[in-house]
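Asker: If you want the building blocks of each chain, they are given just below.
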Amino acid sequence: MLKKTLGMAVVATAVLAGQAEARDQIRIVGSSTVFPFATSVAETFGNKGAFKTPVVESTGSGGGLKLFCAGIGEQHPDITNASRRIKKSEVEKCAKAGITEITEVKVGFDGIVLANSKSTKPVELTKKQIFMALAKQVPVDGKLVDNPYKMWSDIDASLPNSKIEVLGPPPTSGTRDAFVELAMEGGAKGFDSLKALRKSDKKAFKAIAHSVREDGAYIEAGENDNLIVQKLVANPDAVGIFGFSFLDQNADKIQGGVIGGVEPTFENISAGDYGISRSLFFYVKNAHVGEVPGIKEFVAEFTSEDAFGEFGYLTEKGLIPLSEEERAKVRSDATNLTNLKMM
Amino acid sequence: MTDMAPTSSSAKSWDSDETRANLKRRHRSEKRFRVLGLTAIFIALTLLAILIISIAGKGATAFIQTTISLDVTFAEQKIDPKGTRDQEVLRGASYGSLVREALRAEFPEVKSRKDLRVLFNLVSNGSPNKLRKMVMENPELIGQTVRVQFAASDDIDMFTKGYIPRDVPEDDRRVKDKEIAWYDQLAEKGMVETRFNSDFFTSGDSREPEIAGIWGAIVGSFYTLFITFMISFPVGVMSAIYLEEFAPKNKFTDIVEVNINNLAAVPSIVFGLLGLALFLNVAHLPRSAPVVGGLTLALMTLPTIIIAARASIRAIPDSIRDAALGLGASRQQMVFHHVLPLSMPGIMTGTIIGLSQALGETAPLLMIGMVAFIVDIPGGVTDPATVLPVQIFLWADSPERAFVEKTSGAIIVLLGFLVFMNAVAVMLRKKFERRW
Chain Y
5 MLKKTLGMAV
15 VATAVLAGQA
25 EARDQIRIVG
35 SSTVFPFATS
45 VAETFGNKGA
55 FKTPVVESTG
65 SGGGLKLFCA
75 GIGEQHPDIT
85 NASRRIKKSE
95 VEKCAKAGIT
105 EITEVKVGFD
115 GIVLANSKST
125 KPVELTKKQI
135 FMALAKQVPV
145 DGKLVDNPYK
155 MWSDIDASLP
165 NSKIEVLGPP
175 PTSGTRDAFV
185 ELAMEGGAKG
195 FDSLKALRKS
205 DKKAFKAIAH
215 SVREDGAYIE
225 AGENDNLIVQ
235 KLVANPDAVG
245 IFGFSFLDQN
255 ADKIQGGVIG
265 GVEPTFENIS
275 AGDYGISRSL
285 FFYVKNAHVG
295 EVPGIKEFVA
305 EFTSEDAFGE
315 FGYLTEKGLI
325 PLSEEERAKV
335 RSDATNLTNL
345 KMM
Chain C
-2 MTDMAPTSSS
8 AKSWDSDETR
18 ANLKRRHRSE
28 KRFRVLGLTA
38 IFIALTLLAI
48 LIISIAGKGA
58 TAFIQTTISL
68 DVTFAEQKID
78 PKGTRDQEVL
88 RGASYGSLVR
98 EALRAEFPEV
108 KSRKDLRVLF
118 NLVSNGSPNK
128 LRKMVMENPE
138 LIGQTVRVQF
148 AASDDIDMFT
158 KGYIPRDVPE
168 DDRRVKDKEI
178 AWYDQLAEKG
188 MVETRFNSDF
198 FTSGDSREPE
208 IAGIWGAIVG
218 SFYTLFITFM
228 ISFPVGVMSA
238 IYLEEFAPKN
248 KFTDIVEVNI
258 NNLAAVPSIV
268 FGLLGLALFL
278 NVAHLPRSAP
288 VVGGLTLALM
298 TLPTIIIAAR
308 ASIRAIPDSI
318 RDAALGLGAS
328 RQQMVFHHVL
338 PLSMPGIMTG
348 TIIGLSQALG
358 ETAPLLMIGM
368 VAFIVDIPGG
378 VTDPATVLPV
388 QIFLWADSPE
398 RAFVEKTSGA
408 IIVLLGFLVF
418 MNAVAVMLRK
428 KFERRW
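Those protein sequence lines, which keep their order, are chains Y and C. Once you know that position 326 of the first sequence is 330 in my numbering, the rest is easy, because the numbers rise by one and skip nothing. Once you know that position 193 of the second sequence is 190 in my numbering, the rest is easy, because the numbers rise by one and skip nothing.
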């Protein structure tokens, strides 16, 4: 009996494994920030019935581009999402694997908010104050020293007299990259000495501007933004850093901080007034168009007014749309598969 | 010889003060130990209770769904103006407009574009798809007006369940005053109902929390575990038999044994990396497929099964083996006729425990692309699929408030499966185990 079972097992495995065939399903990898939007489009696209629902993996922007640039062929993904622009080094890596034709599609903006619990006053900070609160080393009297600030009021007398306690994403996160680049670097430029350093030695400047303090004032709360929201509610003194869509969904519990005098609202981010916002992209491998069915149609769905338009279903998910002219340009470039140009 | 003076310290009388003090101390020590033990159990039970209560408290509502009933007119000129009843025409029709018409008919006073947008959001975004399915299955619906129960949108669902309270200021509420007024109007007419959420158990993943389900993940888990079992069980049992019954005791088998024990303690992510290197990069098996997940998890489960199987084979007394050999059975006959059947309950228990470990694993699957958004229910072991714990992970990371209860709901289901599998293991052991 046992022999029979074993024999059957071997045969079954062989038959099942032999089923692999040409792929008829779009494969998407990349940023966890774009993930909720890409999945929404994928689902709508699948529901229309003409093609199978694309498979979307959340690998992070860098991880996605690495997979994307690995080569051409059905074992490699067709599209990768990114919460930043593709880097020159990545374009070169792609080219080495024979991927020379890439279409870049900008889908919209994402705001990064500093929020706290509704039970206290909203935070009101400038980028310079953010840098002073969170950098590892700050200039004091012209010299770089380890961050001495323990209380918000140490930085500026107008700020509340409470401990600096910021919950934010870990270094692996794209949100952290963008926060560091937009808020901290922006704040570092507020110091004349660092500004001068930026001109003379860009690398050294970046090392200072991008280093977040490690003495407990900045708490890495993991990639899960829902967790940060829960912790903020439990601890009214803490400030959290996460994407705008989480603020949007939890507006009854937490409030967005005012950065440089601008509130993180849909309108302000969309107009480009809010200081900490970034663009979201996806990249299409042109060589796969025609090989894997539906790529062109998927791109058309993503860039349709119903999806990434001002009142499209992606705005409900928290995407902040591009301006009307920009949308029109993106749409025509995307549907024509215009090849990426790096400046 | 009569009276030994009780002066010498080595031979104290058992009721001297010193002994009494000593006894008291020992009793106190024992009491302390018991209290410590009891406290430990109490802490463990409290933590478990907190876990279960919080999950059940958050997740119970995931099994309930708010529905809104609407009278839908399946107008022929909207669905199939030419009357051909062609499948493609039926599939491509705009069912969204049917839903919108039905909502408009219910609230004729709503006119402005902005208000209409809000009104159309009362029901789930999956509603047009539901109508499409209904018409495809039964084209005779065309031309009729039928009352259809739609899932309410996630915000309305959260509102009904009390997660979005009425008394907070309107600006901070995702459900606005207008929507509440419409909702109350519908509720008065008895068109809002809550019912058992069967969709949760029958549909695949979705970005819309109200229609997202775990069936896709359950099927994916099943295929993955099936492959895991098919590989790891025969290989594990055969290795155990060989090592216990046939292998000579020498340096080589010692090394094998030590390595198997070490493998059982290797973190699961390492097996994920191995799976990526071996099955995806060398063997070119498809990404995200249960076959790869199953093979990877089989690598992880193998040592557990080998160790359990060896232990239960070793527990069979030698008298059984000697009797069989003495009656002229070959070693192979001895193993397959006597030792293996007798040790099966123990082997099965070990296998089930190994498999339930594999069922709860996400880390190795991360590397091979099974942490993905997959809507279609997998139809085979090479289709892209995800598994239950991954589904939980993905939902826990979603911004929509309504996914909180879905997450806990899925955890309840996963825990249910684990408890069931472990109960089977216990039962097998109780029923078939023999003591020698």
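Just so you know, the hints here were simulated from the structure itself, not pulled from any lab data. Heads up, a few of these hints could be off.
Here are the computed lysine-lysine pairs in the DSS-like style, where the Cα-Cα straight-line distance is at most 25 Å [to be verified]: (1) K140/Y with K154/Y; (2) K127/C with K56/Y; (3) K127/C with K122/Y.
Chain Y stretches covered by chain C per the calculated footprint, using a threshold of three residues with CB under 8 Å from any CB of chain C [unchecked claim]: (4) 43 to 51; (5) 148 to 156; (6) 228 to 241; (7) 303 to 315.
Even for Gly, the Cβ is constructed at its ideal location relative to N, Cα and C.
Asker: Please list, smallest to largest, the hint numbers that this structure does not respect.
Answerer: Failing hints, ascending: 3, 5, 7.
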